[in-house]
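There are 2 protein chains.
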Amino acid sequence: MAITIAVDCMGGDHGPAVTVPAVFDFLRRESDCIAILIGREEVLRPLLQEADNELGQRARIHHASEVVGMDEPVASAMRNKKDSSMRVMADLVKAGTADAGLSAGNTGALMAISRFVLKTLPGIDRPAIASILPTATGHIYVLDLGANVDCQPEHLQQFGIMGSLLVSALEHKQRPSVGLLNIGEEDIKGNDIVKRAAELLRASDLNFYGNVEGTDIWKGTTDVVVCDGFVGNVVLKSSEGLAQMIYRGLKEEFTRNIFTKLAAVAAMPVIKAFKNRFDHRAYNGAGLLGLKGIVFKSHGSADAFAFRCALQRAAEAARERLPEKIAARMAAVAPAPTICD
Amino acid sequence: MAITIAVDCMGGDHGPAVTVPAVFDFLRRESDCIAILIGREEVLRPLLQEADNELGQRARIHHASEVVGMDEPVASAMRNKKDSSMRVMADLVKAGTADAGLSAGNTGALMAISRFVLKTLPGIDRPAIASILPTATGHIYVLDLGANVDCQPEHLQQFGIMGSLLVSALEHKQRPSVGLLNIGEEDIKGNDIVKRAAELLRASDLNFYGNVEGTDIWKGTTDVVVCDGFVGNVVLKSSEGLAQMIYRGLKEEFTRNIFTKLAAVAAMPVIKAFKNRFDHRAYNGAGLLGLKGIVFKSHGSADAFAFRCALQRAAEAARERLPEKIAARMAAVAPAPTICD
Numbered sequence: 001m002a003i004t005i006a007v008d009c010m011g012g013d014h015g016p017a018v019t020v021p022a023v024f025d026f027l028r029r030e031s032d033c034i035a036i037l038i039g040r041e042e043v044l045r046p047l048l049q050e051a052d053n054e055l056g057q058r059a060r061i062h063h064a065s066e067v068v069g070m071d072e073p074v075a076s077a078m079r080n081k082k083d084s085s086m087r088v089m090a091d092l093v094k095a096g097t098a099d100a101g102l103s104a105g106n107t108g109a110l111m112a113i114s115r116f117v118l119k120t121l122p123g124i125d126r127p128a129i130a131s132i133l134p135t136a137t138g139h140i141y142v143l144d145l146g147a148n149v150d151c152q153p154e155h156l157q158q159f160g161i162m163g164s165l166l167v168s169a170l171e172h173k174q175r176p177s178v179g180l181l182n183i184g185e186e187d188i189k190g191n192d193i194v195k196r197a198a199e200l201l202r203a204s205d206l207n208f209y210g211n212v213e214g215t216d217i218w219k220g221t222t223d224v225v226v227c228d229g230f231v232g233n234v235v236l237k238s239s240e241g242l243a244q245m246i247y248r249g250l251k252e253e254f255t256r257n258i259f260t261k262l263a264a265v266a267a268m269p270v271i272k273a274f275k276n277r278f279d280h281r282a283y284n285g286a287g288l289l290g291l292k293g294i295v296f297k298s299h300g301s302a303d304a305f306a307f308r309c310a311l312q313r314a315a316e317a318a319r320e321r322l323p324e325k326i327a328a329r330m331a332a333v334a335p336a337p338t339i340c341d
Numbered sequence: 001m002a003i004t005i006a007v008d009c010m011g012g013d014h015g016p017a018v019t020v021p022a023v024f025d026f027l028r029r030e031s032d033c034i035a036i037l038i039g040r041e042e043v044l045r046p047l048l049q050e051a052d053n054e055l056g057q058r059a060r061i062h063h064a065s066e067v068v069g070m071d072e073p074v075a076s077a078m079r080n081k082k083d084s085s086m087r088v089m090a091d092l093v094k095a096g097t098a099d100a101g102l103s104a105g106n107t108g109a110l111m112a113i114s115r116f117v118l119k120t121l122p123g124i125d126r127p128a129i130a131s132i133l134p135t136a137t138g139h140i141y142v143l144d145l146g147a148n149v150d151c152q153p154e155h156l157q158q159f160g161i162m163g164s165l166l167v168s169a170l171e172h173k174q175r176p177s178v179g180l181l182n183i184g185e186e187d188i189k190g191n192d193i194v195k196r197a198a199e200l201l202r203a204s205d206l207n208f209y210g211n212v213e214g215t216d217i218w219k220g221t222t223d224v225v226v227c228d229g230f231v232g233n234v235v236l237k238s239s240e241g242l243a244q245m246i247y248r249g250l251k252e253e254f255t256r257n258i259f260t261k262l263a264a265v266a267a268m269p270v271i272k273a274f275k276n277r278f279d280h281r282a283y284n285g286a287g288l289l290g291l292k293g294i295v296f297k298s299h300g301s302a303d304a305f306a307f308r309c310a311l312q313r314a315a316e317a318a319r320e321r322l323p324e325k326i327a328a329r330m331a332a333v334a335p336a337p338t339i340c341d
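Heads up: the sequence lines are chains C and S, in that order. For reference, each letter of the first sequence is one residue, going 1 to 341 in this note's numbering. For reference, each letter of the second sequence is one residue, going 1 to 341 in this note's numbering.
Since the hints were made in silico from the structure, they are not lab data. Positions of the beta carbon are idealized from the N, C-alpha and C atoms, including for glycine. Be careful, since some hints might not be right.
Stated by the list, open to error - Facing chain C, a subset of chain S residues (Cβ under 8 Å, in silico):
1) Leu200
2) Trp218
3) Phe230
Stated by the list, open to error - 20 Å max Cα-Cα, derived PhoX-like pairs, lysine-lysine:
4) S:Lys251 to C:Lys275
5) S:Lys325 to S:Lys292
6) S:Lys251 to C:Lys219
7) C:Lys189 to C:Lys173
8) S:Lys325 to S:Lys94
9) C:Lys251 to S:Lys275
10) C:Lys275 to S:Lys275
11) S:Lys275 to C:Lys261
12) S:Lys251 to S:Lys272
13) S:Lys261 to C:Lys261
14) C:Lys275 to C:Lys219
15) S:Lys219 to C:Lys251
16) S:Lys272 to C:Lys272
17) C:Lys119 to C:Lys325
18) C:Lys119 to C:Lys94
19) C:Lys251 to S:Lys251
20) S:Lys261 to C:Lys275
21) C:Lys251 to S:Lys272
22) S:Lys292 to S:Lys275
23) S:Lys119 to C:Lys261
24) S:Lys275 to S:Lys251
25) S:Lys94 to S:Lys219
26) S:Lys119 to S:Lys325
27) C:Lys272 to S:Lys251
28) C:Lys275 to C:Lys251
29) C:Lys292 to C:Lys119
30) S:Lys119 to S:Lys272
31) C:Lys272 to S:Lys261
With the hints as extra help, turn the sequences into a complete structure.
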């Protein structure tokens, strides 16, 4: 059966110039997929006409007159822009016209709109954002990365379940290992919420590894790391900042004078191989988990390669029917409702 | 007036082999300082005899029969080791025999012992650990880094005051800027505790910058960054892990084959210059702030250079009478006690 992806073509720093070529590349690679290009028809039509015939048949335009700004407040995007490309994307997923949606737009607005349109799955109190990060040995899934700034132990347990099922869906891995981010490995470490979350995770049927520390993220100690959205967001952003500082610092040293520039010529292929190995673009595509429908978020600054990677992740989650699997697992976890009360 | 530093010579991964030469180097550079070398006399005496006469006159041994293990539980270190080098260090600071203390031992035990022996300053609910991190433009002070895993807004405000005074003392900087770590710059971002902390910090007489994000730590946006100890610890450890992954990844690429090894020969001086620029050893020496006395913590794996840097920080905090300054500022912040209740 064909998989249909609703693509917010207007979101992100670059808009259709990046998203439309990425969709074509995606369709070329995924022959079972169909794309709905959402955005201003007058902008998208000429771009679509550039596609070859076969691809053109698997892509169609759905006009949306508005665009949510990258810095637009969530409330304004929700209330005033009912015909934004982002909102229409969520509507198409909700209607079942699309099997999954993708946007590179404003994260806060995307989460709020997706949650409002799609609603959360039974048993899930709060949706979470799950990103993929490169590690020394492969990659790792971390959630939540900012949707929930105040988590209770039950939320962290739900994140563990959703993250585990996401890895199963995208990596075809049975029983992925789940770690709980803490300030030490011992059970006595951490605040009360984390300690109680560890108990819940240990009592669940997940492959729970136990507490992990900040260093374990990059070691790839587990397949999934679960944390509060405040902590996850700070870790993600501080890591981005540190990596940037290191790369810039290296660049500055290599361009300092004629001798270092000569050294740079020799070192360039090695540094390039290194950059390719940890190419963050390959990890683009964060899942908004816990909704009655599949929505993925691309980095706002994604290029066509990165955006295509995110499209592939969204398609794979749709093939694997991720929300149904999360709902089924939550039904098994949740206490059965009693009949007489 | 001479500054006397009590040095736990037995702590850390390397013990006296590192700490004693570091003390000599420190005394050579700081002619107004005296060191009390704490630890097993039979171990320290032969090492002290290697010092030249002038230095030998400014160093004396204080015997302590026990050592707190690097992984020893805090309760055991507190209860069973009243004559540990760490405990004796804190006792000497408490007695006023030393103006400041330094240990490279177990952080949890050092904080617990220091707090038990020295007590917290009036107006300070909880001591905090303040570390220095390199940034793109210099360095930055971050606190708390793990002493407090559940902070209230008032604690974050106290961290702001203590961090600001620490920077004034060590950097001789008037009104250092203070940022509050959050998941966005806007006031509406973050959880309730952080929002209320921002109000308290804004209402204080600190040079409060406002919210900062994870990336701002490495950009060096402010002089001080304040956060909950859980968040701070996770950020610190994940940053260590990421930096290690990047360095190891680069090393792997440069040692892959004969061509990359040749490139490494050319690139080595540049990479070395880069490493020196961000040499974490120069930033060694975290302050345990908020106590009635000065205690600094060295990284357990510190070498003699790093340990000497930490000694210099402790000495500078003593010269600047940091606890008195924190107490004076807290007295100005705290509501005056009413007489009749």
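Unsatisfied constraints (hint numbers, rising): Hints 1, 7, 22, 23, 25 and 30 are the ones this structure does not satisfy, whereas the remaining hints hold.
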